[in-house]
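First to last, the sequence lines map onto chains W and H. Following this note's numbering, the numbering of the first sequence begins with 83 at its first residue and continues without gaps. Following this note's numbering, the numbering of the second sequence begins with 8 at its first residue and continues without gaps.
The reader is advised that the hints may include incorrect statements.
[Claimed, not checked] Take a look, some chain W residues computed to stay more than 12 Å from chain H by CB distance:
{"hint": "1", "residue": "Gly120"}
{"hint": "2", "residue": "Asn153"}
{"hint": "3", "residue": "Gly164"}
{"hint": "4", "residue": "Lys351"}
{"hint": "5", "residue": "Trp461"}
[As the list claims (entries may be wrong)] The calculated DSBU-like cross-link candidates involving lysine-lysine, where the alpha carbons are at most 35 Å apart (straight line), are:
{"hint": "6", "chain 1": "W", "residue 1": "Lys351", "chain 2": "H", "residue 2": "Lys57"}
{"hint": "7", "chain 1": "W", "residue 1": "Lys155", "chain 2": "W", "residue 2": "Lys356"}
{"hint": "8", "chain 1": "W", "residue 1": "Lys114", "chain 2": "H", "residue 2": "Lys81"}
{"hint": "9", "chain 1": "W", "residue 1": "Lys114", "chain 2": "H", "residue 2": "Lys69"}
{"hint": "10", "chain 1": "W", "residue 1": "Lys525", "chain 2": "W", "residue 2": "Lys245"}
{"hint": "11", "chain 1": "H", "residue 1": "Lys191", "chain 2": "H", "residue 2": "Lys113"}
{"hint": "12", "chain 1": "H", "residue 1": "Lys69", "chain 2": "W", "residue 2": "Lys326"}
{"hint": "13", "chain 1": "H", "residue 1": "Lys95", "chain 2": "W", "residue 2": "Lys356"}
{"hint": "14", "chain 1": "H", "residue 1": "Lys96", "chain 2": "H", "residue 2": "Lys191"}
{"hint": "15", "chain 1": "W", "residue 1": "Lys114", "chain 2": "H", "residue 2": "Lys57"}
{"hint": "16", "chain 1": "H", "residue 1": "Lys81", "chain 2": "W", "residue 2": "Lys155"}
{"hint": "17", "chain 1": "W", "residue 1": "Lys415", "chain 2": "H", "residue 2": "Lys191"}
{"hint": "18", "chain 1": "H", "residue 1": "Lys57", "chain 2": "W", "residue 2": "Lys213"}
{"hint": "19", "chain 1": "H", "residue 1": "Lys57", "chain 2": "W", "residue 2": "Lys155"}
{"hint": "20", "chain 1": "W", "residue 1": "Lys356", "chain 2": "H", "residue 2": "Lys81"}
{"hint": "21", "chain 1": "W", "residue 1": "Lys326", "chain 2": "H", "residue 2": "Lys95"}
These are computed hints drawn from the structure, not numbers from a lab. Ideal Cβ positions, reconstructed from N, Cα and C, are used throughout, including at glycine.
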Amino acid sequence: MLPITKRLKAIALLLTPILAITGQAEIGEPEKDELTFGFIKLTDMAPIAIAYENGYFEDEGLYVTIEAQANWKVLLDGVIDGQLDGAHMLAGQPLAATIGFGTKAHIITPFSMDLNGNGITVSNAVWQAMKPNIPKRADGRPVHPIKADYLKPVVESYIAEGKPFNMGMVFPVSTHNYELRYWLAAGGLHPGFYAPHKGDITGQLDADVLLSVTPPPQMPATLEAGTIYGYCVGEPWNQQAVFKGIGVPVITDYEIWKNNPEKVFGITKAFSEKYPNTTVRIVKALLRAAKWLDENNNANRMAAVEILSQSEYVGADAEVIANSMTGTFEYEKGDKREVPDFNVFFRYFATYPYYSDAVWYLSQMRRWGQIAEPQTDAWYHDVAKRVYRPDIYAQAAQALIEEGYMSPEEFPDFDNETGFRPPQDEFIDDITFDGTQPNAYLKQFPIGLKDEVL
Amino acid sequence: MITASLNHLKAAGLRLPHLAARSIIPILGISLFLLVWQIVAANIDTSLGKFPGPSQVWQQTKALADEHVQQRAKAAKFYQRQEERNAKKLAQDPNATIKMRAYTGKPTFWDQILTSLITVMFGFALASCVAIPLGIICGLSERIYEAVNPIIQVLKPVSPLAWLPLVTMVVSAVYVSDDPLFEKSFLNSAFTVALCCLWPTVINTTVGVSSIDKDLVDVGRVIKLPPSTHVAKIVLPSSIPLIFTGLRLSLATGWMVLIAAEMLAQNPGLGKFIWDEFQNGSSNSLSRIMVAVLTIGLIGFLLDRTMLVIQRRISWDKQAVLR
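With the sequences and hints as input, model every part of the structure.
Following this line, the structure appears as structure tokens:
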């Protein structure tokens, strides 16, 4: 009886000729082996930390330095000017950079880092004002999901008093910006338009709620200072508001859009062309890390929490990080609920860079005017294919299958995968998203741009 | 009351053993400070817990020292793994090119201190190389001084952080090399420091040179000293005290500027350490920041004392009171 790894290796050896026929050449030595990756202090940077700590990068012959960045802009500039070789990025960043909203540069992503993982938190005062509007369950706790409809009277009362209602998000092209906007608009609150062609990139035209940028780790402090009344951010910064007693998370992004794509790993196109082997090897290491994070029904999550709580990674207290990483989420203090899929790193093909995910982000950029002109469906697909690179992903996955670390059923069927998920209908406002028809999708929203130019 | 007892102590100081007398008052002051700190800290509630008092700060100092030891152990393992990997590679292919890479783990607190010290020294040396000659020229020639002075006066009050974006952009545009000798972040910090610690030295050197005793200058003129000898034998020695005053001010400014620059630009060093801890927002963060604050103060103090010692060595007037 051979040990399991040996058996797998034997199987891999048997498979090698088959894979060779399908065009899988063995991946050569990395062209560049000393790399620096950037990240923002959020729990969803975990695959990078785990790939480092578990030695997956070293297994690929990569010597990686991981550096925390001050904010998303600094991080993006670092990747563009080459100080960073790659980074934990907002899904909107490679897309926006490639189409030239903000700094223009061709960034690609061969790897999606996770699903879900964000939440919307409001200050205690706002929560007290909204709470009477929310229907209660038999046990007295609020019924979830909490829609922005209940926030609307609060916002109206602030406006009536002449106080602008400010909320924070982390970056103009962040998931958080689009999720917060989606939630607000689904509740009839206008989050404001961008008009880059007129030089207006504040995103506050016609707004009921004024959104502005605050770096994730500063969110709780800014909320406490009263500059904003709520925010949308990744973990651990929602849970920290609960721990510090300064705010109440009202909804997670899982409830806004079930299993929404979150961060991606971004590199420049130039990097991927100059260092193809290195690129594939990075994806291999990240894939192994993602798998480890979700393995055996999240069995490794506590170990991951310990690693993430070290000061060089996320650095927040372990119990704060554990709250969301281990499948529970604390809303109002004491109201802890099970959200097993709050952070998904690997299952549901979470790491595969779906074109349809890219199209959704582009559709939201168009909806809020970041893309000033209406575009054809073909344009959306073309941009998605320039930025999202399942071809690189597939190479890495095949290599891992070949080496026995993974099995084919852990991945989409590469031969028949179109890159477009089937139409998704699990949104808070019950609108269905079909990635193949972005323009038809946009027409369904009561609030948001369609064919018009502001 | 306190002044009275101070006066009393001062008088007693003449009789008491010298060292003991001199250390009593500082020790009293420090103990009082620690006491007040502990009491005040216990009454400040932040969202990250109580403000750290001396005991929490001491704990974190020890924790940081432990982390340093742990990181070094991790680094040793890293090198061991790398050697094994290289050996394996050589065994497979004897012609394979292998190399050792530097440890990729995080810099510890002590590493950050060292980085900051090197950076400030580099920036300071750079600034001094420019500032002292410029100051001498301005001091020697009234006309040049009048031409340069307005520029100095305008640039002097500029905050270092205003320079930082410009320095960053210029460095990343101009300093392009495949195998750079220095990290860009190091140069950014060092140049920002240099820009800010130019001015005190320039101004003080100018004043020092222009206020040399007229008799000395006249003597030089009478014995027809060539300009270079004039500078070396008369100008420099007599303006040393003021040059050093300038250098000490510069170094102090540079040290303060560096921390701010590191915080803002995320360049390695103590400033980044503070910013990272602030962003972590863990229950130990405030204590760790406090450790850094005290370390910065202590190093600033030691830097100044070092300059003072050098000044005493170099200055010809051993009688002058330096403080």
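These are the hints, each one checked on the structure:
no.	hint	result
1	Gly120	violated, 10 Å
2	Asn153	violated, 9 Å
3	Gly164	violated, 9 Å
4	Lys351	holds, 20 Å
5	Trp461	holds, 33 Å
6	W:Lys351 / H:Lys57	violated, 48 Å
7	W:Lys155 / W:Lys356	holds, 24 Å
8	W:Lys114 / H:Lys81	holds, 23 Å
9	W:Lys114 / H:Lys69	violated, 38 Å
10	W:Lys525 / W:Lys245	holds, 32 Å
11	H:Lys191 / H:Lys113	holds, 18 Å
12	H:Lys69 / W:Lys326	holds, 26 Å
13	H:Lys95 / W:Lys356	holds, 27 Å
14	H:Lys96 / H:Lys191	holds, 33 Å
15	W:Lys114 / H:Lys57	violated, 47 Å
16	H:Lys81 / W:Lys155	holds, 32 Å
17	W:Lys415 / H:Lys191	violated, 46 Å
18	H:Lys57 / W:Lys213	holds, 31 Å
19	H:Lys57 / W:Lys155	holds, 33 Å
20	W:Lys356 / H:Lys81	holds, 32 Å
21	W:Lys326 / H:Lys95	violated, 51 Å
The structure is inconsistent with the numbered hints 1, 2, 3, 6, 9, 15, 17 and 21, although it conforms to all the rest.
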